[in-house]
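Fit the two chains together into the complex; they arrive one by one in their own frames, and the hints show the way.
These protein sequences, in sequence, are chains A and B.
For the first sequence, position 21 (counting from the first letter as 1) is numbered 21 according to the numbering used here, and the numbering increases by one without interruption.
For the second sequence, position 204 (counting from the first letter as 1) is numbered 204 according to the numbering used here, and the numbering increases by one without interruption.
Treat the hints as calculated values from the structure; they're not laboratory data.
Beta carbons are placed, not taken as given, at the ideal position from N, Cα and C, and that holds for glycine.
Hints are supplied without guarantee of correctness; some may be wrong.
As the list claims (entries may be wrong) - Label pairs and their in silico Cβ distance ranges:
1. A:A17 - B:R225: 37 to 45 Å
2. A:Q136 - B:Y20: 18 to 26 Å
3. B:T125 - A:A62: 34 to 42 Å
4. B:L248 - A:N177: 28 to 36 Å
Claimed, not checked - Here are the simulated lysine to any residue pairs, SDA-like style, with alpha carbons at most 20 Å apart:
5. B:K152 - A:P8
6. B:K255 - A:F103
7. B:K255 - A:A93
8. B:K152 - A:R7
9. B:K255 - A:S171
10. B:K255 - A:W110
11. B:K46 - B:E231
12. B:K92 - A:M269
13. B:K255 - A:R97
14. B:K255 - A:R95
15. A:K63 - A:G151
16. B:K255 - B:F178
17. B:K255 - A:L101
18. B:K92 - A:V16
19. B:K152 - B:E97
20. B:K255 - A:P94
21. B:K46 - B:A34
22. B:K255 - A:T96
23. B:K152 - A:S174
24. B:K92 - A:A276
25. B:K92 - A:N9
26. B:K152 - A:R175
27. B:K255 - A:P99
28. B:K152 - B:T172
29. B:K92 - A:A17
30. B:K92 - A:S279
Stated by the list, open to error - Residues from chain B that keep clear of chain A, each with C-beta distances beyond 12 Å, as calculated:
31. F31
32. S44
33. P183
34. V186
35. R211
Letter by letter, the chains look like this.
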Amino acid sequence: MSVQTTRPNLLAAPAVAWLLVFMVGPCVLILSYAFFERGVWGGIEYNLTTENFLRVFDPLYAKIFLTSARIAGLATLIAVLIAYPAAYAISRAPRTRQPMLLFFAVLPFWSNYLIRTYAWIVLLNREGLFNNFLRQLGYTGEPLSLLYTEGAVITGLVYNYLPFVILAIYSSLSRLNPELMEASRDLGGGAFRTFVRVTLPLTMPGIAAGAVFVFVLSIGNFVTPALLGGGRFQMIGNVVYDQFLTANDWPFGAALGMALIAIMVALLMLQARVAARASGERASEEASR
Amino acid sequence: MTHSRLPGRLTLVLVFGFLYLPIAVLVLLSFNEAGLPTTWSGFSTKWYGALLGNSDILGAAWNTLVVAVFSTLIATALGTLLAIGMETRRRKSNGLEALAFAPMVIPDIVLAVALLSFFSRLNLTLGLHTIVISHVIFDLAFVCSVVRARLKNFDYSVVEASRDLGASAWTTFWRVTFPVLLPAIVAGGLLAFTLSVDEFIIAFFTAGAGRSSITLPIQIYSMIRFGITPEINALATIVMGVSALALLISQWLNKEQMQ
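With the rest of the complex left out, here is chain B (with noise of 0.2 Å):
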């Protein structure tokens, strides 16, 4: 039986359209001269230079990068021992399962401010300290979850061969299982380095307040609430393109490793 293809492909346009055109009128007019919507003055990269003379946007950017290394670097050993503890568990267990799928689940302005409830109550300084501890928790669950994907189809009986030939579990550990799991903690790894990169409600609550602790997602909010500007338009581009760039590479290895 054979079918048409068409109702497929133009269902498959549209959605397409719908997920990617605001995206692109985005990207395209950050290269607008006039800056504006309404009439194409000409290519220009004077928005993107626009971005480099805010001391403000930079050092928000710079805040960002820390937040993100530090808690995908924390979140990727922590992911990681528990994808593998979940895994070579003899039972399932419910509570395991449901703790570490919370994170992915709870409403982020829940998490938000029972954070901010419970660093006030320790009388803990908010700052960028917080932020990297509370974007561990979800940045944590991700990684675990591509962790334990790779883990589902995994050959335990090379494990089981190198511990017969007398090789220590701390060995067979790093020259067995790590190597084969490599590509999947550092897919989890760019992953969590993206949402951390990407999250707002979170760094909002937790950041304290001050300029110090603000990150590209704070700023971006705070200028889009004062209006369209040209230079978020070129600050949007930047931080889409990293993120894209991260989920491809995730992606690619991932792939790599399936087959």
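So that you can see chain A by itself, here it is in the shape it has in the complex (with noise of 0.2 Å):
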């Protein structure tokens, strides 16, 4: 049977051809820029070097890629444990009320990121709601600086990552077959041990999608390091605009931002080699029914 009715290729085309233009290749030219010298005044110099790629290595700069990776980590670590509790809440509430249960829960998501941290601003300056809440307690001290720090930017990070985090985790557990956990039941796994057994083995591909989505998104954030850690904590993202606004050092830049890609890339093939295991184990477990 065939439900060719146009040339799939001919629709796709206009599509592709632009994402070809603007986004292969302005990464195509970034990365080949990272081959090359920075100019004396800003510029580019087409002298071949691997300078760029080595200075990434540089003490300074791996210490900062560590930062970022210890801060992204945190965030992605901390995004899951509050993701997977409401993910199963969600999945174990009325089936009817289950999709307006999601969709509140993901539509911060798409509402403007620089509001939602600058939200976090209003509530932890030193001036902000949480001190005055404090006082109102009875709390006589100096007020508490909890802007500005390394707390406040992974706190940033984990509201504005973790609707994602639900809907990824959501969306395994409601493929989840409930009669696997009945029959693990029934053979005597206690409600633990199911879980640990078998609930969050079946559901690694949705943790692992929502991880590396923070994971990615955070280690190359710059905005939030700036809003809410004031420009102290700099992290990958701070250090890619620097080169390109205010350093100038475009190749150098271009190495770091190649960099990121490769931190992306390798984490999506772990995941999907993740997610390619419990689709076996799925299969099996299937199977052997």
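Quick look at the structure:
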């Protein structure tokens, strides 16, 4: 049977052309910039060099990479720890109410990132709501400096990306066959054992998808460190920003950007493996039923 | 087996509280006469009035609208065609899948600096048009994924029936496929519009210098860096209200068609 109604490639062509010219092209361009020298006045000097990539591993920048990875890693961990129970609770809610709950869990994610980050400035600053609340409770000491800390940056990242993690974990929970859990309970597995041995492994793809997303977007973030870290926490995104807009060292900025892409690709491949393994497990479990 | 609903409910209350409390505080403060988080001095819409008198903000709002409308129109057309193309192929193409997925995961700072390098290499003057070109990239990917979801449970036998009855491919598309897809296309378009209105990083890098091409997020960013003002609260409330409305309609359209 053929559903070939039109020429698929022709239909895809305009979008493909757009993406090749305006996404792949520019990415290849900055990849090539990373191999050239920086010009005296900030332009590109077309002499081949590997200097920019070596500089990425310079202790100064390696340290920033590690700081970024730590902040992104903590944000990822906390986001998953909050999102899992939330997604679980949504998947256990009455069927008719699930789409609505999910929609409202994801809604903030589509709204303005800057505004959601700004909201935390309003809450955390020295004259802000938290300090105000403490004073109401009778606290009379110095107002707490909650803003411009690593904790504030992590909170902002978790807050901004949490909805997506809930969505990713929910989608793998909702595909779970409830009979598997029942079977485990019938066979004497306690609630905890059933969760750890059955539910958790089968929902790993959702956790992986959500975690990779948070980590990739956090490690390359420059808005949250700039606004909630007050510029005290340099993350890789901020360094890339500086190279392009203030230091005018485009080749080095490009090399850092490529490092971010490399991290992203590596994590996506890891995630694909987790998903493939889980779907293998699922298939074998279904076959053995 | 029955178990208590209570832990689940409590979790949801806490998580939704975490997600919505900061936003609720902003909205509430935008109506605070004093404009300060420390005291509530009565309900007032004066900060909204202040926005209307701020020509910088009005200009930025207009630019945002122009960028969002143009990028949404282009992205909706390209994304829909891409979705149909991908779903009607005989074999899944991994290259095509990766290309359509990439705009959704590529770190925006990388795409932003890549586009800045690209446009300046071509000696293109930066402005609203370069923001439009850039926004189409991720907008079309999201439109494509929404339309594809609809095509997954599309009954192709109606297309065959139409062709068997002698309708041309063109007529079949406009009279059969398009009406079925329309809610998904509009839903995808609304999502693209919201994304474009809210996008900051790529717009920031591709807007160029000068006030003439500043969009609302760029304006908001520079205002935030100067500190908290009641005007930002009011502006934030309006921007979030518009996004939420667009998304509610988008969601409603998506739900209608699934039934």
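Identify every previously stated hint that the structure contradicts and give their numbers, smallest first.
-> none
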